[in-house]
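In case you want the letters, here they are:
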Amino acid sequence: MILSDLLGSDALEADGRRVGAVVDVRLEISGAPAQLLAATEVTGVLVSPRSRFSTWGYERRGETAPVLIARLQRWLHRGMFLVGWDDVELVDEGRVVFRGGYERRDPMLPPSPRT
Amino acid sequence: MNDETVQRMPQPDPRAPRGRVLDAHLHLLDRQVLDRDGTPVTTVDDVELDGIELGARIEPGSPAPTVAAILTGPQLPMRIFGGHAPARRRVAIPWKLVASVGTTVRLGVGADSLDASWVERWVSGHIIGRIPGGRHDPE
Numbered sequence: 403m404i405l406s407d408l409l410g411s412d413a414l415e416a417d418g419r420r421v422g423a424v425v426d427v428r429l430e431i432s433g434a435p436a437q438l439l440a441a442t443e444v445t446g447v448l449v450s451p452r453s454r455f456s457t458w459g460y461e462r463r464g465e466t467a468p469v470l471i472a473r474l475q476r477w478l479h480r481g482m483f484l485v486g487w488d489d490v491e492l493v494d495e496g497r498v499v500f501r502g503g504y505e506r507r508d509p510m511l512p513p514s515p516r517t
Numbered sequence: 290m291n292d293e294t295v296q297r298m299p300q301p302d303p304r305a306p307r308g309r310v311l312d313a314h315l316h317l318l319d320r321q322v323l324d325r326d327g328t329p330v331t332t333v334d335d336v337e338l339d340g341i342e343l344g345a346r347i348e349p350g351s352p353a354p355t356v357a358a359i360l361t362g363p364q365l366p367m368r369i370f371g372g373h374a375p376a377r378r379r380v381a382i383p384w385k386l387v388a389s390v391g392t393t394v395r396l397g398v399g400a401d402s403l404d405a406s407w408v409e410r411w412v413s414g415h416i417i418g419r420i421p422g423g424r425h426d427p428e
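Order-wise, the sequence lines are chains R and X.
Each residue of the first sequence is one higher than the one before, counting from 403 in our numbering.
Each residue of the second sequence is one higher than the one before, counting from 290 in our numbering.
Rather than coming from a laboratory, the hints here were simulated on the basis of the structure.
It is possible that some hints are incorrect.
What the hints assert, rightly or not - Simulated restraints on C-beta separations: (1) D404/X to G418/R: 40 to 46 Å; (2) P306/X to R420/R: 24 to 30 Å; (3) G418/R to W411/X: 46 to 52 Å; (4) G350/X to E495/R: 34 to 40 Å; (5) M510/R to S351/X: 23 to 29 Å; (6) I420/X to L474/R: 47 to 53 Å.
Note that the structure is a prediction, hence the values are computed from the model and not measured.
The beta carbon of each residue, even a glycine, is placed where N, CA and C say it ideally should be.
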């Protein structure tokens with residue numbers, strides 16, 4: 403499937419309750435070694451309870467400038483969480499369903515080179 | 290190693306990242322793709338993920354999906370206005386050709402070897418090349 407099919411999908415708990423929308427997919431370059439870059443695996447999905455889109459990632463990084471935009475973005479995406487791929491039970495058209503007892507994890511990105 | 294030493298050693302977090310962590314939308318979409326010589330090739334319009342079957346229950350412990358390719362082509366209007374470009378209109382650059390991801394996505398191959406640059410090659414050969422002086426550098 404393609405990424406844009408997943409972005410904006412409803413994020414649902416096992417009982418069907420909507421908890422937000424998938425705004426991004428977390429990847430990790432840590433799979434099988436290859437000639438150039440190791441295989442890149444999906445490790446989770448980021449869910450925002452209040453918005454279907456997240457473009458600048460202020461809520462996932464320590465960026466604080468420009469202050470007004472940073473505050474607005476953090477406010478807009480307050481409550482965002484990461485759900486590990488292990489806790490994803492089903493991906494269907496327009497919806498992603500989590501397993502019962504799934505864990506809401508911190509969405510912050512680990513420090514890395516500025517990109 | 291005695292019991293006391295074992296207790297003092299921090300337990301590794303099994304969920305700690307084992308490599309570079311990226312967010313697909315944030316770090317990949319709309320980034321410029323450069324070939325191994327730094328020549329612009331295209332931009333990342335979408336990303337193809339392998340290992341996700343729509344509507345099928347994912348068994349616990351199943352292998353994680355992987356990034357298969359960067360997609361380019363007429364994807365941008367679809368993201369703005371919705372809908373899908375037909376799969377045949379998408380041009381895929383296999384992820385195994387990607388050398389690094391930073392402000393730009395760098396490939397490990399030359400642009401001439403990619404389908405993504407065929408439009409530029411065609412325009413260069415059929416249009417620019419027919420203009421007098423169009424086949425050599427300015428003097």
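We went through each hint and held it up to the structure:
1. D404/X to G418/R: 40 to 46 Å: holds (43 Å)
2. P306/X to R420/R: 24 to 30 Å: holds (29 Å)
3. G418/R to W411/X: 46 to 52 Å: holds (51 Å)
4. G350/X to E495/R: 34 to 40 Å: With Cβ atoms ~25 Å apart, the hint is violated.
5. M510/R to S351/X: 23 to 29 Å: holds (26 Å)
6. I420/X to L474/R: 47 to 53 Å: Taking Cβ atoms as reference, I420/X and L474/R lie about 49 Å apart, which means the hint holds.
Checked against the numbered hints given earlier, this structure breaks only hint 4.
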